[in-house]
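Colleague: Model the full structure from these sequences, guided by the hints.
Line by line, the protein sequences give chains A and B.
Be aware that the first sequence starts at 1, since it is given in my numbering, and climbs by one per residue.
Be aware that the second sequence starts at 250, since it is given in my numbering, and climbs by one per residue.
Treat the hints with care, as some may be off.
Listed below are the simulated DSS-like cross-link pairs for lysine-lysine, each with C-alpha atoms no more than 30 Å apart in a straight line [claimed, not checked]: (1) A:Lys-170 <-> A:Lys-58; (2) A:Lys-221 <-> A:Lys-205; (3) B:Lys-289 <-> A:Lys-58; (4) A:Lys-155 <-> B:Lys-479; (5) A:Lys-58 <-> A:Lys-221; (6) B:Lys-522 <-> B:Lys-259.
These are calculated hints, taken from the structure and not from any lab test.
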Amino acid sequence: MKLHVSQVSYSVGNKVIVDAVDLDVDEGQRLVLLGPNGAGKSTLLRLISGVLSPQSGKITVLGENIRDFSLADRASTVGVLTQRVSLDFPFTAREVVAMGRTPFGRGRTDSPIVEQLINDLDINADQNYLTMSGGERQLVQIARVFAQVWGRGGKAILLMDEPMTALDLKHQVDVIAIMQRLASEGVAQVVVMHDINMAASVADKVVLMSSGQVVASGHAKEMLTPELLEQTFDTPVTASGLPYLKPGS
Amino acid sequence: MAFYSGGYMKSLTLVLALILMMLLALLTGSVSLGFSEIGKLLDGSLEPGLATILLDIRLPRVLLAVIVGAGIASAGAAIQGLFRNPLADPALIGVSAGAALFAALYVVFGSSAPVGMALSAFAGGVLTTWIVLMIGGRGTSISTMLLAGIAINAIALSGVGLLSYWSTDAQLRTISFWALGSLNGADWSSVFIALVIPFSTVAIMFQSQSLNVVTLGDEEAEHLGVSHQKLRQRVIVLAALSVGVGVALTGIVAFLGLVVPHLVRIMMGSNHKVVLPASALLGGLVLLLADTFSRTLLAPAELPVGIITALVGGPFFVLLLLREQRERVLV
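Modeller: Take a look at the structure:
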């Protein structure tokens, strides 16, 4: 078990944000967290990443409590894409991607890993980050996090909070291809998503969350039913068979 | 092609420009000298009076301008990266205002001896920075720290105002001149004290990659193995040392720590491995240029150098902002 979350709770004041959550992710497995806004998905990711400490319960990564990791060990084990990146300096895209290599040296911009990700994701490496669109910036940040876990295989886990939100279809496909490659190398992944159809096509396992609790978890086919989705999102859902287009050939 | 390219050529140009400016500054002044005098100085045939002017009056002043300018500008660059705000200034950590308050305290309740005033100013700069760090340094939010800096700044400056109100005319004149900045008091002993600055400047440069990463956000930096709290403490102490010693020796030099790093980023991008050394070079060059003007424009009288840096730096900065705004709109 690469990632094991057991009975983890987290509250701020009287408000319970994450409530006795259990989850497991195996080597190379991809878990997708689905749920309404405010369900506690992002907080759960922050707990797993080690920046927040749970009030009760335990999170182990590669068998060790995440709170016992040194900052350096955490950085070389857990790659995290948050929704909170705020970059207001004119770095080049290449420099931003290279920041992902910081745990393994001094973030040299001439790393072959950086170059390969720039090519695979079709990033304009020398463009000023500040002149990029929201989607382009998102892609650069994703590449930075990929660079961090690249080549680490079973020794790394990858946490991504809504990576696809601002991406166009082609770049979604490119990103999924790299996520698949990382999975085949053994990188366990937890991804927060809002697109249910996208979740269906990429998830090995789906966890439905609502009000800080796990509503249900299991294989995508068993989870993405109108009944469970309605219970999770508190809104009527019908399976129309549409949209029937999904990325990939 | 990068949107900024040829970083090495630009750095080399800066080094050459700085050396050239140092030579020009040595030769410019009430007694105008030529390159031949430097040749004579080197082979020992220069008359003693001119040698004294060159070696004991102009050279220490030139060196002090370069060292203090380099220290303030590179500290400014580091503070901007740390606060993730290209418009931040070393003054935000309280160091200049604290130095001004303690300099004024010394003048009003002590004497006007320059050494005592410099020591007092330095102590004040370090003390206020420490208070700002205590209030805002432990929290997780960088804005707490920024707001603490603003509040401490306001308190210290109101203290300066109060002291100015109480002071005699002569004391008031000393306080205001100090607040406007001047390299008039430069001698070899002040150059010697200023040698602390290159050490803290180089120590800041060792934080380059951490500063790069922290621009993404505190939490993001942590995910990449950089403790933003430790980085904050380190950079602020080093910046307070650079700026504190500089301000103690020369008074407050306005705008240098804000404009120079900004200019460097426009020319060379944001990588702190380039921005920090380039800011040091350009900061030294700009303060030297401003000081040379300050002692020659109204010769034999001297203008406070802070007036020149603010008078030229202010409008120049507005031009930069407008230019940048236009470019962002175009993109």
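Colleague: Now tell me, hint by hint, if it's right for this structure.
Modeller: Right, here's what the structure says about each hint:
1. The straight-line distance between the Cα atoms of A:Lys-170 and A:Lys-58 is roughly 38 Å, outside the 30 Å bound, and the hint therefore fails.
2. Between A:Lys-221 and A:Lys-205 the alpha-carbon distance is near 9 Å, which keeps this suggested pair within the 30 Å criterion.
3. Only pairs whose Cα atoms come within 30 Å are accepted, and B:Lys-289 paired with A:Lys-58 is rejected, the gap being roughly 77 Å.
4. About 27 Å separates the Cα atoms of A:Lys-155 and B:Lys-479, which keeps this hinted pair within 30 Å; it holds.
5. Of the pairs offered as hints, the one joining A:Lys-58 and A:Lys-221 holds, with about 29 Å between alpha carbons and a cut-off of 30 Å not exceeded.
6. A C-alpha spacing of about 14 Å is found between B:Lys-522 and B:Lys-259, which places the hinted pair at or below 30 Å, so the restraint holds.
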